[in-house]
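Trainee: One letter stands for each residue in the lines below.
There are 2 protein chains.
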Amino acid sequence: MILNTPIDMHLHLREGKMLRDVIPYTINQFAAAVIMPNLVPPVDNRQRLESYKEEILANSENFTPLMNVFMREYTEDELLDLAEDIFAIKLYPAGITTNSEGGVKSIENIYPVLEIMQELGIPLSVHGETNGFVLDREREFAVVYEKLARDFPKLKIIMEHVGTADLLGLLEEYENLYATVTLHHLLLTLDDLAGGMLNPHFFCKPIIKTPADKLKIQEYVKKGHKKVMFGSDSAPHTIKNKLKGAAGVFSAPVILPALAEFFEGDIETFQKFISDNARENFNIEVPERKIELIEEEWTAPYIVGEVKPMWAGKKFRYKVL
Amino acid sequence: MILNTPIDMHLHLREGKMLRDVIPYTINQFAAAVIMPNLVPPVDNRQRLESYKEEILANSENFTPLMNVFMREYTEDELLDLAEDIFAIKLYPAGITTNSEGGVKSIENIYPVLEIMQELGIPLSVHGETNGFVLDREREFAVVYEKLARDFPKLKIIMEHVGTADLLGLLEEYENLYATVTLHHLLLTLDDLAGGMLNPHFFCKPIIKTPADKLKIQEYVKKGHKKVMFGSDSAPHTIKNKLKGAAGVFSAPVILPALAEFFEGDIETFQKFISDNARENFNIEVPERKIELIEEEWTAPYIVGEVKPMWAGKKFRYKVL
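The listed protein sequences correspond, in order, to chains A and B. Residues in the first sequence are numbered consecutively from 2, following our numbering. Residues in the second sequence are numbered consecutively from 2, following our numbering.
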């Protein structure tokens, strides 16, 4: 099976040794990826953006990093300067997930920024959760998505890592809302995290939810919904930090083998989900690259640097060549 | 504040070193406790019952262990022999929680045992969860509680560690259903386990659930509902095993200080919840013992043997004398 130019629309690569450890697993499977900016300090200025992009390029080949910057109250000049070199600006409500302490406290504060983004055609990427009860956070955030979608009808807004079925309904109601779906929200539920022994390696924000949520997400992905795109949210943490409770699933190594099983030979829909929808929705132009999967038993790595991957040691029916 | 003869209606003491490490924290606060039998091998015969009770007595003073045995297909002779020396028989659906692999696979198999228990007046203690989705397991088990309550109208059945509000409604519908409530289901929700960093020390079966469930449980406890009794389900695991995902909250050290804050001076209701309801519902006769709490800052222990207690290091306004 050959995939054309797979793009991971939501990826955490970290920096330094961690980046060097994990990036080979993405490059092996993806032609491009949208790189999240929640480092310490965040990627939120030209200098940091360039040095981070250089670090990624220095550690990759035939791979296009689509850079995001961290939302703050940017000036118009800053945005004009950044526009050409970024894919989107990532909005984290303050304190919601890993390194989001410096996030946005009130949406109104960034309305001037959103206004300019809309004019310049810079998409908005959103971690959509409130500070409410962990299972309700995405549902409660829906009103914010709706307000943003109405107030900025020409701004393309990406609801990242959708884990709550209700959010998918918004895709039909608002032309300018899009969604990314992770491997873990597509294939897991809270049972995988806490149904047997507690498994910290499946703990992430937003939390994996109910069987009903999973089924609805699968339905949207299986019908090849045009506005639904793959974004892994692969987020490596050291085993030590995972055992301290850090949120994030390092899914990068197993993505295409797991998705190949999920799509069961429906390569056409797989291709849309993994690349075409994203490229068409956002006019992404990156060098084309073919990725081949063969039907051959393959075992997910047990460890990558200091990180335990999702489904470590699990056997898959497909292998990336 | 003086409590008369507090009884913990659901306690895991383990064996050997672990028992010796944890039992002082119960004896200090309780005159008696119902001791759970899910050891390896389980407490399910006279010999094991006697040796376990002896071990507990050898490590305690002024304390009455009310022994439970593990449900299996006991003969009438066995039950006649055990009846005088046990408080109840504990039913674990197979594979549901710690050391429950040898539990009951089909309720019908134990109908003859339940028949005899009903005749002999031996209560039935139940871990009420199905093998369904982790948040639905107690709700799904309600039909089993209802069937048991209808089929054995004179058998006293205890719904242990209720974490789902719906189960409480059954207390009104069926005269022979009772409930125990733990400290963690009374005071915590899934947010405490997985709302911020993942906290394995709040992971238990049944899992702590939603704010609505917690509020309903608090409502029943605060109104001093006669059929609602305190049962800690305090369940120590070594830190090592907790980090491997073992289910259980070691709440024993903080129970009375935490409940004293919860009841905010309503000693009458506190007394019912912690002792009187249980003694009246089950005609429990144990030597009376007064436990005094004073208003003085007290810090929960950081570590007990190899176990991290619930709320380790937290400051409380009440101290057990």
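For the record, the hints were derived by calculation from the structure and aren't laboratory data. Take these hints with a grain of salt, some might be off.
All copies of an identical chain are treated as equivalent in the list; a pair is satisfied when it fits inside any one copy or across any two copies.
In the BS3-like style, the derived pairs of lysine-lysine whose C-alpha atoms are separated by at most 27 Å in a straight line are [to be verified]:
1) K315 / K106
2) K320 / K241
3) K227 / K148
4) K291 / K316
5) K291 / K245
6) K291 / K217
7) K315 / K245
Small disclaimer: the values here were computed from a predicted structure and weren't measured.
Trainee: All hints are to be evaluated individually against the structure, with a verdict given for each.
Mentor: Now the hints, each set against the structure:
no. : hint        : verdict
1   : K315 / K106 : neither (41 Å within a copy, 29 Å between copies)
2   : K320 / K241 : neither (29 Å within a copy, 35 Å between copies)
3   : K227 / K148 : within (22 Å within a copy, 49 Å between copies)
4   : K291 / K316 : within (24 Å within a copy, 60 Å between copies)
5   : K291 / K245 : neither (39 Å within a copy, 40 Å between copies)
6   : K291 / K217 : neither (30 Å within a copy, 56 Å between copies)
7   : K315 / K245 : both (24 Å within a copy, 18 Å between copies)
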